[in-house]
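Chain order of the listed sequences is W and L.
Position 244 of the first sequence, counted from 1, bears residue number 309 in my numbering, the numbering being contiguous throughout.
Position 123 of the second sequence, counted from 1, bears residue number 150 in my numbering, the numbering being contiguous throughout.
Some hints here could point you the wrong way.
[Stated by the list, open to error] Derived lysine to aspartate or glutamate pairs resembling EDC-like cross-links, with alpha carbons at most 16 angstroms apart: (1) W:K412 with L:D106; (2) W:K412 with L:D122; (3) W:K382 with W:E185; (4) W:K340 with W:D356; (5) W:K382 with W:E183.
[Stated by the list, open to error] One side of the interface only, derived from the structure: several residues of chain W facing chain L at Cβ under 8 angstroms: (6) P458; (7) F459; (8) Q464.
It is worth saying that the hints were derived from the structure and are not from the lab.
All residues carry an ideal CB built from backbone N, CA and C; glycine is no exception.
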Amino acid sequence: MPDTDTQAPVSRQRRPRPRTVAIGALALLLAAAPFVPRGGDRDAITPSATPATSTTAGLGRLTDEMRAEIDAVVAEGRALGRVTGKSMPGELARSVVRCAVFEGQRYCLGSGWTSASESEVQARMAGAARVAARTTSRGSAERTGDVDAAELLQRRAAMAPARRARLERRELVDAARSVAKVWLLRHEIQGVPLPDGFLDRHPEARATTDTNTDANTSATSSKAAPATRAAAYPASAAILDPRHVAAQNRTYWCGPAALQMIQWGFWKKFVRQRKMARLLGTTTAGTAITDMVRVINRRSGWDNPEYAGRYITLDIKGWTFGQWWQLIERHIADYQAPVVLHPHLLKRFYPYLDDDASGHFQVGRGYKRQPNGLKLIGYFEPWNQQRFDRSEPFIGRVQWRRAYKSYRANQVHFQHNIGV
Amino acid sequence: MRAWLPVALVLAAAAAGCSTESSDPSAGTSSSPAGLAGTSSSSATSTPSADPGEGTAASPSVATAVDDPLDWAPQPGADGATVTTNGAWTLTVPDGGASYTLSEGDRARPGDVPAGRQVVDGLLNDRWAVVVTQDRQEEQPQQATAVELATGREVVVDGSSQPPTTTGGTWALDGDRLAYATLRGRDYCLAILDLASGRAATGPCVGAREGFNGVQLSDAGDALLRFDLGATQRSCRTVVAVEGQRLAPFPTVPAAKARCGGAEGAWLEGPDGVGQIWAVVPQERRFEEAHFYARTGEEYVDLGPGDNGTLTLCGGAAYFARSAQTGDGTAALLRWDGTELATVYESHPGQAVIAGVQCGGSMLTLTSLATGGDETVTAPLR
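Please model the entire structure based on the sequences and the hints provided.
So, in structure tokens, the structure goes:
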């Protein structure tokens, strides 16, 4: 069946963007801009990046200061020795959810980049773990494959100290080398000024005009930050081939199924969910979002600078809907790369569900600003509830819906973060 | 008012949307003829509702909602929970369904959720409160506990009942009648239990390769959504009437192909006689968006766009939600009583949606989410 809801599938090497299409789209947008209602988007911040910065950043350099910070955070964990999984959630959270600060941005293990303090993140995780432990012991709620807070803490606590230190170091090194992207997003979407000397320290965040640079060797990005939002993003965009979709094979494999579709979209090759599950470290308790981000960075090319640059796990708790929407637009229209959506599957946000369920992963791959101001998000949904329940009808993997519902479902998740 | 052009357009669109998956997700959110006709979906008007004397199946008249807001008041205790109240009694189920509370005034009675189970349904009317639980892996039959509000008497329905419950499945409550799914061999069947007398019967069944949900009970008749199992691309969904041991497709779906795009439906007894209300999904890739129609006698009415999964029978009328149709519009709750379409609630403005409508017999409770503000409110029916 023909499907024209997407652009042609992206290839391994980035396609040169047809200038004529861009000029035409820009002209249309400029003509239509005065008539486009902004609605609930009044709080959106217009990007104000200087022309010298890119919209994203590749792999940065690990500085001595970063190394020292990583050493300190890892050493703090090693000093704890074995952490018993029987500890109270608060104690567990203080033990395994530690944070590092890189160039003024805070990264918390297992949670991602956040504006919250370390103690706030620990408290949030402990609170969520208490709820999860209580409900898990009672057997609720239905789980589709996103690991809950209690399991996140237990999983790390159960590791031998040396292994935990090794994995923490790997996670922190990945984070530290991605800090430029965090700064760029905070600057362009949240309006945070860039620190002095940012581009000197982060050539990977400097815009270039060479769009054909080899993604694997370039230290610079190919995209300049947009001068204004209206000029930057078309009214709608979609990526990924809607034929390259699959339902999750197991109730707890939303992560592997989402990653399968993400990989399929990049490599144009079918890969098995089983392999994805192995790469992600998925257990019957599910998958962690930091593992989704890790594997995308290491096993796909979506993290190349001419796509999204380094994927990061980003806490969007304090983000307005306008800011969240701008992030989605940027990812789809500008990066042309998929988003790891991380909602809480509650019936009130997803009326096609039969029951409330757990956290979940979906693949964000399109958006549309309608002329009447409505905002829609397009996504691949791995969860086919009919596979596990004959009281529910089949629902297609390719879906479009009110973006505001997805934003609220993301906000209500105990981690309220997203993979971008 | 005969608006043949918009009606023809929407029927064509509905048929096209159901015959092939729409390839254009960028098409307008509303597939509404009302929208094409200029009727506001998010802000009610005071213009007359549809004249039921003109619409036909091929060309239903287009209803325009009149403004008739109920007396809404904030509903406490609804943060992160589903609340249903009939005024005297309130049933609260927190997100995730790990527990529930049934309270009468200030007296709260925490419910006992068996270990390993979650609350998947909470139903309340003026006589009964029913709490349905399911094990997390959905391997065991569901269990429902019905509490007679006047006496406190409990009726338990589970896998050992006759007919027994099964895993998953839909539940509905109307007066003393409780509907649920049961198995007869490999067939999947509707069971109706009279909670007052204890008499139960197995109703119509669908085959081993079919399922159903969305049961709607009313004095005028019962209805449900029947669909295929095992589809990999799409399953045919049909709104059907329960006629004894038979399931008969709603005769009122306008196009044959649209039957496979069925969403939900119900019987209704209005001032002008028995009628039906039903919804179809015009675009499979926008499964949450439906289009509502109604029939009273031989007259057909196009009720416009609405949200799939929100059709609620309450106090003899049908209600459905309509998310904001513009970026700065309001979400609405609409009432169809068989003759008139009315807007009974409007949310705060801005990307607004209604997240759940609960009938408590004589009261409605709903939650709306919007960039302009959230609220959970309750109103008595008129």
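Hints versus structure:
1. W:K412 with L:D106: Satisfied, since the Cα-Cα distance of roughly 14 angstroms is no more than 16 angstroms.
2. W:K412 with L:D122: holds, 9 angstroms
3. W:K382 with W:E185: Satisfied, since the Cα-Cα distance of roughly 12 angstroms is no more than 16 angstroms.
4. W:K340 with W:D356: Since the Cα atoms of K340 (chain W) and D356 (chain W) sit roughly 14 angstroms apart, the hinted pair holds (cutoff 16 angstroms).
5. W:K382 with W:E183: Holds - the C-alpha atoms of E183 (chain W) and K382 (chain W) are around 14 angstroms apart, at most 16 angstroms.
6. P458: holds, 4 angstroms
7. F459: holds, 4 angstroms
8. Q464: Constraint on Q464 (chain W) satisfied, holds at 6 angstroms.
The structure agrees with every numbered hint stated previously.
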